[in-house]
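Let the hints inform the model, and build the full structure from the sequences given.
Top line first, the protein sequences correspond to chains R and A. 64 is the number that this note's numbering gives to position 64 of the first sequence; each next residue is one higher, with no gaps. 99 is the number that this note's numbering gives to position 99 of the second sequence; each next residue is one higher, with no gaps.
Mixed in with the good hints, there may be bad ones.
[Said to hold, decoys possible] Derived PhoX-like pairs: lysine-lysine, alpha-carbon spacing no greater than 20 angstroms straight-line:
#1 K40/A x K37/R
#2 K100/R x K38/A
#3 K38/A x K5/R
#4 K5/R x K40/A
#5 K19/A x K41/A
#6 K54/R x K68/R
#7 K37/R x K53/A
#8 K100/R x K19/A
#9 K71/R x K56/R
#10 K5/R x K71/R
#11 K71/R x K38/A
#12 K53/A x K100/R
#13 K5/R x K53/A
Honestly, the hints are just simulated from the structure, not real lab data. Values in this document were obtained by computation on a predicted structure and should not be read as measured data.
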Amino acid sequence: DQQVKQNSPSLSVQEGRISILNCDYTNSMFDYFLWYKKYPAEGPTFLISISSIKDKNEDGRFTVFLNKSAKHLSLHIVPSQPGDSAVYFCAAKYSGNTGKLIFGQGTTLQVKP
Amino acid sequence: DTEVTQTPKHLVMGMTNKKSLKCEQHMGHRAMYWYKQKAKKPPELMFVYSYEKLSINESVPSRFSPECPNSSLLNLHLHALQPEDSALYLCASSQFRVTEAFFGQGTRLTVV
Numbered sequence: 001d002q003q004v005k006q007n008s009p010s011l012s013v014q015e016g017r018i019s020i021l022n023c024d025y026t027n028s029m030f031d032y033f034l035w036y037k038k039y040p041a042e043g044p045t046f047l048i049s050i051s052s053i054k055d056k057n058e059d060g061r062f063t064v065f066l067n068k069s070a071k072h073l074s075l076h077i078v079p080s081q082p083g084d085s086a087v088y089f090c091a092a093k094y095s096g097n098t099g100k101l102i103f104g105q106g107t108t109l110q111v112k113p
Numbered sequence: 001d002t003e004v005t006q007t008p009k010h011l012v013m014g015m016t017n018k019k020s021l022k023c024e025q026h027m028g029h030r031a032m033y034w035y036k037q038k039a040k041k042p043p044e045l046m047f048v049y050s051y052e053k054l055s056i057n058e059s060v061p062s063r064f065s066p067e068c069p070n071s072s073l074l075n076l077h078l079h080a081l082q083p084e085d086s087a088l089y090l091c092a093s094s095q096f097r098v099t100e101a102f103f104g105q106g107t108r109l110t111v112v
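Shown next, in the form of structure tokens:
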């Protein structure tokens, strides 16, 4: 039973264009969502997060949108750069303070020069 | 300093060996985690320590034994592992009650 789903295993975009990575979740008890970027043989690097009480959070080229009614969030990267090529994981946290994160399967982003 | 340091980076061990993975952070975080990641899969939580006490054990087999000697250090003791335990083991830390977890680079473990 996958509670956090990233249905697109891969995405390819041209440098300078927008990358949109999507994530769906099923559990209404999630209260915080995060995006991580991961290069091969490295640990995930935190990118951006959003609380369930917000619908948008922006940090430089990265913006995360949350649609609670649809149980959907997305990460927008504008403009995309070749260095953004990596695996992107969506993660969700249960309400409460366990700190436990549930990760999606990941989307491999390739940004072509 | 937002670094979580894990050693060793790579480890090959036999099924009868005993080894330990180490993790260190100096961010003053009071929650530390062990995650396991198999190839082409997402990280999966194994253990959570909060204020040096084990707060979550995700039904991990006893051949994995975590230890938190102090607020900066987290160990994972390994004994009698199986080849299917081969994976990337990730340590992470976060402020208790704040959710952004910072991950180390991981230890690539191969059990032969």
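Results for each hint:
Proposed proximity of K40/A and K37/R is supported: the alpha carbons are some 14 angstroms apart, at most 20 angstroms. Annotation: proposed proximity of K100/R to K38/A holds, straight-line Cα distance about 18 angstroms (limit 20 angstroms). Distance check on the hinted pair: K38/A and K5/R sit about 17 angstroms apart at the alpha-carbon level, within 20 angstroms; holds. A threshold of 20 angstroms between alpha carbons decides the hint, and for K5/R with K40/A the separation of about 14 angstroms falls inside it, so the pair holds.
Straight-line distance between C-alpha atoms of K19/A and K41/A comes to about 24 angstroms, which puts the hinted pair past the 20 angstroms bound. Taking the CA atoms of K54/R and K68/R, the gap is near 9 angstroms; set against the 20 angstroms cutoff, the hint holds. In summary, the hint linking K37/R to K53/A is not supported, as the alpha carbons are separated by about 29 angstroms, beyond the 20 angstroms threshold. Between K100/R and K19/A the alpha-carbon distance is near 26 angstroms, which puts this suggested pair outside the 20 angstroms criterion.
Pair hint K71/R plus K56/R holds up; C-alpha atoms about 14 angstroms apart against a cutoff of 20 angstroms. Between the alpha carbons of K5/R and K71/R the distance comes to roughly 11 angstroms, so the proposed pair stays at or under 20 angstroms and holds. Between the alpha carbons of K71/R and K38/A the distance comes to roughly 27 angstroms, so the proposed pair goes past 20 angstroms and is violated. A C-alpha spacing of about 15 angstroms is found between K53/A and K100/R, which places the hinted pair at or below 20 angstroms, so the restraint holds.
Taking the CA atoms of K5/R and K53/A, the gap is about 31 angstroms. The hint is violated against a cut of 20 angstroms.
When the structure is compared with the earlier hints, violations turn up for hints 5, 7, 8, 11 and 13 and for no others.
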